[in-house]
Amino acid sequence: MLESFIPALYLAFSPEVILYVAIGVFMGVTLGAIPGLSGDMAIAILLPIVFFLEPAAALGLLTGIYKGGMFGGSISAISFGVPGTPGSAATAIDGYQAKLKGYPNKALMTALYSSVIGDTTSDFVLIFLALPLAIVALTFGPIEFFALYAFSLLLISALTKGKVAKGVAMAALGILLAMIGRDPMGGSLRLTFGIPELAGGLALIPVLVGIFAVSELIIQLSKAWMDRVTRIIDDTKQKADSLLGDYDASKDKLTFREFRATMKATWIGTTMGTLIGALPGAGSSLAAFISYGLAQRFSSNGKEFGKGSLEGVAAAEAGNSATSGSTLIPLFAFGIPGSATAALFGAAFILMGMTPGPRLIYDHTEVIYALFLILIYANLINLGLSQFLLPFYSKIAMIKSRILLPIVCVLAILGTFAAGNSVIDVWVLLFAGLLGVVLRVYNFPLAPLILGFIVAPGAERALRQSLLIGRGDWMHLLSSPIAIGLYTVAAIMILTFTLVLREKK
Amino acid sequence: MKPQFNKLLTRQDTYTGFVAIAVGAVGLLDIAYGNWRPGAGLGPHAFPQLAYITLICAGVVIMIEAVFGKSDEHPENLRLVISTGVGLVAIGMGMFWLIGKLGLAVSVAITLIGASFLLTRDPLRHWPSTIVVPIVATLVIWVLFVKLINVPLPRGLLF
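Those protein sequence lines, which keep their order, are chains A and B. Here the first sequence is numbered in the numbering used here, starting from 1 and rising by one per residue. Here the second sequence is numbered in the numbering used here, starting from 506 and rising by one per residue.
Be aware that one or more of the hints could be misleading.
Simulated restraints on C-beta separations [what the hints assert, rightly or not]: (1) PHE523/B / TYR487/A: 28 to 38 Å; (2) LEU19/A / VAL637/B: 19 to 29 Å; (3) PRO391/A / LEU644/B: 21 to 31 Å.
If you're looking for bench data, these hints aren't it; they were derived computationally from the structure. Because the structure is a prediction, the values reported are computed rather than measured. From the three backbone atoms N, C-alpha and C, an ideal C-beta is built for every residue, glycine too.
Let's have the full structure, built from the sequences with the hints guiding it.
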């Protein structure tokens with residue numbers, strides 16, 4: 001596999017790919033900084049378009065957006081106290097206080113450095129763990145794979161925000177949506193309700209973009225209609241400006257001593273973020289808050305947390321960003337997306353003709369090695385661009401989302417049509433968007449639905465093969481020690497997280 | 506007992522749980538009496554059946570939690586959000602129909618300018634964001650989809 005490294009180097013460092021990564025980082029930071037929009041939404045909208053790019057360029061663009069979006073969320077969190085993304089909510093606690101006390105630039109630089117450290121470390125963990133885990137996964141049979149799918153669905157249902165029962169209901173709904181169309185083993189039609197266009201099943205892109213992006217766009221459009229988001233930003237900005245008084249920019253520079261003082265918090269955030277990110281469904285928001293809580297506990301200045309502490313900013317931002325690499329581990333090793341972002345990356349792989357799973361690294365070694373390299377140097381591009389453009393980025397966060405929302409909607413519709421060249425896909429996109437809205441307003445988590453939709457075909461195949469091998473005996477599903485281990489670990493983790501960590505959260 | 510029952514009816518999750526149970530029950534009835542052809546081994550109905558049963562169980566748990574007072578709040582501005590969603594579906598399909606009549610650039614420009622006017626107070630005063638930005642965005646979209654990606658969109662009278 002080492003012979004693939006040189007071509008991967010050429011692929012990753014071609015001027016075209018570097019340019020796409022830089023464009024992606026810029027887009028990610030821009031959209032992440034505007035409350036209501038996010039890097040994930042940008043990835044979803046651009047999914048149909050990446051279909052027309054070379055794999056390395058497409059993955060470079062998506063990686064850039066992802067990394068930029070991670071940091072972008074902290075800009076509006078610190079500048080206006082309005083988190084640009086859910087993951088940056090913990091950053092807003094101390095970041096906005098820092099702004100009110102007159103050192104927003106120090107807070108932003110701390111956020112940037114801790115974000116890049118957390119993200120890079122997490123990427124290295126992904127690179128070093130993905131291959132060994134994929135080798136283990138290659139020994140799995142249908143029993144182990146079904147246990148793995150069940151493990152992921154249970155965990156994501158239990159760990160995502162909201163009630164466990166609602167998460168389980170969403171996983172079941174995702175499975176049902178995936179069942180629409182022809183039965184892959186027998187060929188009979190299922191759940192098509194007599195509509196012949198549904199015989200081919202629901203395509204991944206319209207369901208993913210509809211549930212994930214269009215539903216959020218609809219909610220943001222209704223908010224824009226009420227002019228709420230902009231008013232909040234205007235109010236907080238005015239308040240911040242009035243409290244700032246005589247702001248002296250020359251005194252607001254992060255010194256090396258101050259940076260060093262935040263390192264302990266940054267590493268706590270990095271460790272927690274990397275660990276939590278690898279768990280299906282736990283998410284960056286949970287990682288950020290747990291990191292923040294732990295850093296406060298172990299800090300000698302714990303009382304300063306919540307009052308503009310740079311350690312608080314560092315812990316939250318490192319915890320948030322450190323999920324970015326590790327959340328892709330289950331996708332690379334087992335083909336199971338552990339988060340909505342990983343699901344979007346999984347969809348991108350499928351669009352490019354690459355099946356996520358243990359064979360991904362073997363079958364597309366050059367592209368995956370190139371992606372590993374891109375993951376690392378995208379952080380450096382993020383660092384360089386953000387250092388240079390930080391004053392500009394703070395102004396971007398003031399762009400009113402209502403200007404961009406209709407454009408993003410049109411892009412979603414045209415992009416979905418472009419990917420499948422089908423009007424039915426546009427219908428599915430819009431109705432998936434409506435379904436997503438209803439589920440969002442009734443507090444149903446969407447990540448289990450997306451995971452259920454993606455893993456259902458594989459899970460069904462694994463279950464039916466297992467039962468064929470076991471001659472219909474359901475106890476055969478417990479005949480493998482690995483499967484028993486996975487069910488046990490799932491039960492322990494669900495109990496631990498729901499009983500202990502959720503209470504603390 | 507009656508006030509407690511009335512209280513239960515005011516809780517949001519009583520209804521969300523009920524909907525989950527109803528969807529699951531209708532699905533199971535469809536499998537039992539509908540046009541499902543059994544296949545080899547487990548059959549094509551087994552996995553959907555498992556999903557429906559899971560949905561019913563989740564609905565029951567949601568309702569039980571609602572009985573014990575653990576219910577999510579009523580959604581705010583539900584009517585506004587839903588009507589925005591329905592409006593977006595209508596506008597989206599309308600734009601697609603218009604593309605076949607007038608062409609991509611004109612249809613997208615009309616849609617974007619219309620949406621910007623709807624979302625902005627005093628739209629003429631904010632003409633850079635309600636007229637200039639949509640026109641520039643239309644040009645970018647046209648170049649991207651027609652010139653670069655070359656999407657086979659329905660052709661209209663204009664461009």
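Consistency of the hints with the structure:
{"no.": "1", "hint": "PHE523/B / TYR487/A: 28 to 38 Å", "in the structure": "holds, 31 Å"}
{"no.": "2", "hint": "LEU19/A / VAL637/B: 19 to 29 Å", "in the structure": "holds, 27 Å"}
{"no.": "3", "hint": "PRO391/A / LEU644/B: 21 to 31 Å", "in the structure": "holds, 29 Å"}
Taken one by one, the earlier hints all hold for this structure without exception.
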